[in-house]
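Chemist: Sequence:
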Amino acid sequence: MGNVRTALFNYLFARNQKGDFVLRIEDTDKERSEKQWEDDLLENLKWLGLNWNEGVEKGGPYESYRQSERTDLYEKYLKKLLDEKKAYYCFCTEEELEAQRQEQMSRGEAPRYRGTCRQLTIDQQQKQLKAGTPSVIRFIMEVKPLAFEDLVRGKVQFDTGLIGDTVVAKDLKTPLYNFSVVIDDFEMKITHVIRGEDHIANTPKQILLQEALSFPRPVYIHLPLILAEDRTKLSKRHGDNSVTRFRKEGYLPEAVVNFLALLGWNPGDEREIFSLEELVKEFSVEKIQKAGAVFNVKRLDWINGAYIRKKTPKELAELSKPYLPEGVKTEDVEKVIVLYQARLKKMSEITELADFFFAKELKYDKKMLIWKGAGEQKTREALEQVQKILLEVKEKDWNKEKLQEILMPEAEKVGDRGLLLWPLRVALTGKEASAGPFEVAQALGKTKTLQRIEEARTLIQ
RNA sequence: GGCCCCAUCGUCUAGUGGCCAAGGACACUUGGUUCUCAUCCAAGAGAUCAGGGGUUCAAAUCCCCUUGGGGCCA
11 MGNVRTALFN
21 YLFARNQKGD
31 FVLRIEDTDK
41 ERSEKQWEDD
51 LLENLKWLGL
61 NWNEGVEKGG
71 PYESYRQSER
81 TDLYEKYLKK
91 LLDEKKAYYC
101 FCTEEELEAQ
111 RQEQMSRGEA
121 PRYRGTCRQL
131 TIDQQQKQLK
141 AGTPSVIRFI
151 MEVKPLAFED
161 LVRGKVQFDT
171 GLIGDTVVAK
181 DLKTPLYNFS
191 VVIDDFEMKI
201 THVIRGEDHI
211 ANTPKQILLQ
221 EALSFPRPVY
231 IHLPLILAED
241 RTKLSKRHGD
251 NSVTRFRKEG
261 YLPEAVVNFL
271 ALLGWNPGDE
281 REIFSLEELV
291 KEFSVEKIQK
301 AGAVFNVKRL
311 DWINGAYIRK
321 KTPKELAELS
331 KPYLPEGVKT
341 EDVEKVIVLY
351 QARLKKMSEI
361 TELADFFFAK
371 ELKYDKKMLI
381 WKGAGEQKTR
391 EALEQVQKIL
401 LEVKEKDWNK
411 EKLQEILMPE
421 AEKVGDRGLL
431 LWPLRVALTG
441 KEASAGPFEV
451 AQALGKTKTL
461 QRIEEARTLI
471 Q
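Using the numbering used here, the letters of the first sequence correspond one by one to residues 11 to 471.
It should be emphasised that the hints constitute simulated quantities derived from the structure, not laboratory data.
Keep in mind it's a predicted model, so treat the numbers as computed, not measured.
Mixed in with the good hints, there may be bad ones.
As the list claims (entries may be wrong) - In silico SDA-like links for lysine to any residue, alpha-carbon gap of 20 angstroms or less: (1) Lys-331 to Lys-388; (2) Lys-320 to Ala-352; (3) Lys-458 to Val-348; (4) Lys-246 to Ala-303; (5) Lys-28 to Pro-228; (6) Lys-388 to Glu-420; (7) Lys-95 to Gln-220; (8) Lys-243 to Thr-143; (9) Lys-458 to Glu-371; (10) Lys-246 to Val-304; (11) Lys-56 to Pro-332; (12) Lys-398 to Ile-416; (13) Lys-180 to Lys-320; (14) Lys-406 to Lys-456; (15) Lys-377 to Lys-441; (16) Lys-183 to Lys-246; (17) Lys-308 to Arg-353; (18) Lys-355 to Trp-312; (19) Lys-96 to Val-304; (20) Lys-377 to Arg-467; (21) Lys-86 to Val-146; (22) Lys-377 to Thr-468.
What the hints assert, rightly or not - For each label pair, taking beta carbons as the anchor points, the in silico distance ranges come out as: (23) Gly-278 to Asp-426: 48 to 56 angstroms; (24) Lys-406 to Gly-383: 33 to 41 angstroms; (25) Thr-457 to Glu-386: 25 to 33 angstroms; (26) Asp-133 to Lys-56: 20 to 28 angstroms.
Beta carbons are placed, not taken as given, at the ideal position from N, Cα and C, and that holds for glycine.
Assemble the whole structure, with the sequences as input and the hints as a guide.
Modeler: Shown next as structure tokens:
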């Protein structure tokens, strides 16, 4: 969810600027493999209709980059830092580090690496390496006040002295996120970094690294986080909120784009529904929100419903296919889908709403047929009356307008329209709630309609 | 614990010193439309703009402090 939203904002920004661009999406997700992460993302972006000129540059969890073809590149820069004495090997053990951290925290200081191994000479380092002592590569953080300009937050300041020398790689072949991201930005000529707010704290490290390697500094835009109900960062802990899931449940891509764009951004006026093209046109960094935004499925549902209502029967039929029994005829799908167009929040709901249409036999409690206050007898009479009338209706007149024209006066005559209409509708659908009786009858056709009324009549006998 | 970020209805938000005793949307409540459900329409409830100090003729809007929430660091 977060990574797709970030990709969307990158897309909107770049398209709005009309410049050439390359998208690089970063994510430090440690749970999934690079391959799966990338496949999911690309698939989702494609589904959403976000197409890039040059294709999306490979991102993926940076921890996995050691596997990639860029290894030599990272090694080159790592060696450069080492040669220039801007980085060094560190042989401190976990225990030593942990003890140091505890001590610092107990004294109310910032927990940071003190630079013990910085003192080591090249010879000493080599000796330890040869001996096979476990080690990491640390980058020397220059101590100075550092500020960068964030397009949505303004000036963000840090005191780099509080950070300590960061680990940039486990070894020459295994770079870590903060390092590889800097190399990638440079190599890919990234000019604008648009990413989640959770990366703000990483930015000074990356800037110092850029400076050490004489790389230009890109423009930073940090997006507000997507939050769960409990106002913490949305994560797997909160259940599956992936775009993949929403796609499977039958949310429409244009609705998801619309919804995501409005999480943390707004057009400044009161419009709510936007196409991708409109979003591109309207997008502006100044209107990006600073505070985190809670992910609200009900709002997504509403937006999705609005898009569903705009579809043609043909489009809807196509969209609902995955949620209907296999082998059903397209014309049948079109018949039933229009009944529920105004009722659907997501396409997957059609399965249950339309099952009566495809079922050979309806199963329901006969009590359901009885309109409030009416008894079994009155209900039976009503069904018989409707049956008699409908039997006379010609095949060519079998449409909802005509059926209503014929049945409505009869229902009026009874006094309480529900007495006639309710049993009819239940007989046809077997449901407490459904589309109206006339349109359902039209969709079912004369034969099936009469057959179901007969079944209901027998049931209540 | 340190640093950083943030703070308007339950939620997403409008608002960049006077037009705001705060507007819209979702959700909620009520009523209307051909039985039900939904759509649609109408109405309603819902925020002393986190709190406190300033600055100003005037502050939701600028400044400071406090509080609260979040993120990163391990």
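Chemist: Given the proposed pairing of Lys-458 with Glu-371, does the C-alpha separation stay at or below 20 angstroms?
Modeler: Holds, because 11 angstroms separates the two Cα atoms, which is no more than 20 angstroms.
Chemist: Quick one, are Lys-243 and Thr-143 close enough, alpha carbons at most 20 angstroms?
Modeler: violated (38 angstroms)
Chemist: Between Lys-406 and Lys-456, does the CA-CA distance stay at or below 20 angstroms?
Modeler: Satisfied, since the Cα-Cα distance of roughly 10 angstroms is no more than 20 angstroms.
Chemist: Does the Cβ-Cβ separation between Thr-457 and Glu-386 fall within 25 to 33 angstroms?
Modeler: Once the Cβ atoms are compared, 26 angstroms apart, the range 25 to 33 angstroms for Glu-386 and Thr-457 holds.
Chemist: Verify the CB-CB distance for Lys-406 and Gly-383 against the hinted window 33 to 41 angstroms.
Modeler: holds (37 angstroms)
Chemist: For a C-alpha distance cap of 20 angstroms, please report whether Lys-246 and Ala-303 respect it.
Modeler: Holds. Lys-246 to Ala-303 sits at ~17 angstroms (cutoff 20 angstroms).
Chemist: Can you confirm whether the C-alpha distance between Lys-388 and Glu-420 stays at or below 20 angstroms?
Modeler: Roughly 14 angstroms separates the two Cα atoms, so the pair holds.
Chemist: Using the beta carbons of Gly-278 and Asp-426, state whether their distance is inside 48 to 56 angstroms or not.
Modeler: Holds, since Gly-278 and Asp-426 (Cβ atoms, about 52 angstroms apart) stay within the stated range.
Chemist: For Lys-331 and Lys-388, compute the direct alpha-carbon distance and say whether it is at most 20 angstroms.
Modeler: The hint is violated at about 40 angstroms.
Chemist: Would the hint linking Lys-28 and Pro-228 be met if the CA-CA limit is 20 angstroms?
Modeler: holds (18 angstroms)
Chemist: Is Lys-183 close enough to Lys-246, meaning Cα to Cα at most 20 angstroms?
Modeler: Violated, at roughly 30 angstroms.
Chemist: Keeping to a limit of 20 angstroms between CA atoms, is the pair of Lys-308 and Arg-353 held or broken?
Modeler: holds (14 angstroms)
In summary, the numbered hints that this structure violates are 1, 8, 13, 16, 19, 26.
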